[in-house]
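Could you build the full structure based on these sequences and the hints that come with them?
Taken in sequence, the protein lines are chains A and B. The letter at position 141 of the first sequence is residue 141 when you use the UniProt record's numbering, and the numbering goes up by one with no holes. The letter at position 17 of the second sequence is residue 17 when you use the UniProt record's numbering, and the numbering goes up by one with no holes.
It is possible that part of the hints are untrue.
Dumping the calculated SDA-like pairs for lysine to any residue here, alpha-carbon to alpha-carbon at most 20 Å [as the list claims (entries may be wrong)]:
id: 1; chain 1: A; residue 1: K141; chain 2: B; residue 2: E123
id: 2; chain 1: B; residue 1: K32; chain 2: B; residue 2: E67
id: 3; chain 1: A; residue 1: K257; chain 2: A; residue 2: G273
id: 4; chain 1: B; residue 1: K14; chain 2: A; residue 2: L138
id: 5; chain 1: B; residue 1: K14; chain 2: A; residue 2: S133
id: 6; chain 1: B; residue 1: K47; chain 2: A; residue 2: L138
id: 7; chain 1: B; residue 1: K51; chain 2: B; residue 2: E123
id: 8; chain 1: B; residue 1: K32; chain 2: A; residue 2: E71
id: 9; chain 1: B; residue 1: K32; chain 2: A; residue 2: K264
id: 10; chain 1: B; residue 1: K32; chain 2: A; residue 2: E93
id: 11; chain 1: A; residue 1: K264; chain 2: A; residue 2: T283
id: 12; chain 1: B; residue 1: K112; chain 2: B; residue 2: V34
id: 13; chain 1: B; residue 1: K84; chain 2: B; residue 2: E67
id: 14; chain 1: B; residue 1: K51; chain 2: A; residue 2: G112
id: 15; chain 1: B; residue 1: K47; chain 2: A; residue 2: G205
id: 16; chain 1: B; residue 1: K28; chain 2: A; residue 2: E71
No lab work stands behind these hints, which were simulated from the structure alone.
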Amino acid sequence: MSNRPEIQAPPEIFYDDAEARKYTSSSRIVEIQAQLSERALELLALPEDGVPRFLLDIGCGSGLSGETISENGHHWIGLDISASMLNVAVEREVEGDLLLGDMGQGLGLRSGVIDGAISISAVQWLCNADKSSHEPRLRLKAFFGSLYRCLSRGARAVFQVYPENLAQRELILRQALQAGFGGGLVVDYPHSTKKRKEFLVLTCGPVQTSIQTSKDEFGESCSEDDNSEDEENGMVCVSDRNRPKKKQRTNKKGKGKGKEWVLKKKEQSRRKGNDVPADSKYTGRKRKSRF
Amino acid sequence: MRLITHNMLSCNIKGVANGFPLLIEAGKVIEKEVDFNPDFLRHMFAKIEWKALVEGARSMGYAELPEDSPDATVLDSDESFLKKLHHALLELHLEEGALVCPETGRKFPVNKGIPNMLLHEDEV
Numbered sequence: 001m002s003n004r005p006e007i008q009a010p011p012e013i014f015y016d017d018a019e020a021r022k023y024t025s026s027s028r029i030v031e032i033q034a035q036l037s038e039r040a041l042e043l044l045a046l047p048e049d050g051v052p053r054f055l056l057d058i059g060c061g062s063g064l065s066g067e068t069i070s071e072n073g074h075h076w077i078g079l080d081i082s083a084s085m086l087n088v089a090v091e092r093e094v095e096g097d098l099l100l101g102d103m104g105q106g107l108g109l110r111s112g113v114i115d116g117a118i119s120i121s122a123v124q125w126l127c128n129a130d131k132s133s134h135e136p137r138l139r140l141k142a143f144f145g146s147l148y149r150c151l152s153r154g155a156r157a158v159f160q161v162y163p164e165n166l167a168q169r170e171l172i173l174r175q176a177l178q179a180g181f182g183g184g185l186v187v188d189y190p191h192s193t194k195k196r197k198e199f200l201v202l203t204c205g206p207v208q209t210s211i212q213t214s215k216d217e218f219g220e221s222c223s224e225d226d227n228s229e230d231e232e233n234g235m236v237c238v239s240d241r242n243r244p245k246k247k248q249r250t251n252k253k254g255k256g257k258g259k260e261w262v263l264k265k266k267e268q269s270r271r272k273g274n275d276v277p278a279d280s281k282y283t284g285r286k287r288k289s290r291f
Numbered sequence: 001m002r003l004i005t006h007n008m009l010s011c012n013i014k015g016v017a018n019g020f021p022l023l024i025e026a027g028k029v030i031e032k033e034v035d036f037n038p039d040f041l042r043h044m045f046a047k048i049e050w051k052a053l054v055e056g057a058r059s060m061g062y063a064e065l066p067e068d069s070p071d072a073t074v075l076d077s078d079e080s081f082l083k084k085l086h087h088a089l090l091e092l093h094l095e096e097g098a099l100v101c102p103e104t105g106r107k108f109p110v111n112k113g114i115p116n117m118l119l120h121e122d123e124v
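Written as structure tokens, this is what we have:
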């Protein structure tokens, strides 16, 4: 995995003029970006009343994802740290407004004005410390905190992320939950290493469950196989959108199955004709701690 | 950068309490035509800080907007008002110039329509 751009250079240096042009002229990247943004917009679940919304595109780059937003009739502001990428965006005459800024410094936006935010392949950049003053945890905190403030109540934020490992994924999720967001991870094509895409779906304020949810123990989910049946049905499995409950943790420990249960099982086994040790006063009893 | 974005932007320097609204130093202003959509204007009207919009529009050379914030009822009846609002919000672009923080006087330069909101390390 040495071809990850994140470990080669900081974003404002990695995406220089040459890289920015390369990025936008590659038809493969353009296509993938368009697909991802389309999916992110779908997960954003904006009300379908025909009213254009005011969205935020974080890490907009050359405006590939912004174009998808414009095509869907919404207005947007794009934020990116790479001036070269933004210059390409200006040349391509994207419709949204562009800002040169660092999301790790927090978004300087007024409270409650944005109807939704998307971000395609950008948030994992925050996990790297590129300068001595950078502390990934604090930068994620500043980012999610300011994002939570500027979103309106009930709005969603959808981030497509490429976390490098489990620790990064956890770091991002934890910081998001600490900022006050509810939400979880949606994984498309979980069984394919290449096509696997992760979306962090965060909600601000009350949770509207318009998307079908399926819970399991770890709050992670799958959306079927590679054969993209799900895509056609428009069905998604979504992880538990509520914060992890303490209850699940507490009722696991300290509660064994009890003597009754052991006796019942032994009896069952005896009836099957198995060789079962006799019952005694020690049956189903807990060992002393000094054992 | 359009005035709708200006209306959302505030200064993000650490310790600044009143970073809104940023003052506009207009160098070059251009106009780009955008499709008129009254629904969007009605949706955004509640979120807009009227005073900041009027001042911003004036510093960019557009003084047609009324000084006081109009009633929400005007939005349904007055087509010409909506047109003006549309023009101010979405069609005026600040191409070159600067945004100035009202509290610290820090300048954020605007080049090719892109405001540079990057902070120095001592401002974070």
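- Task: Could you tell me which of the hints above the structure violates, numbers in ascending order?
- Result: 2, 3, 6, 7, 9, 16
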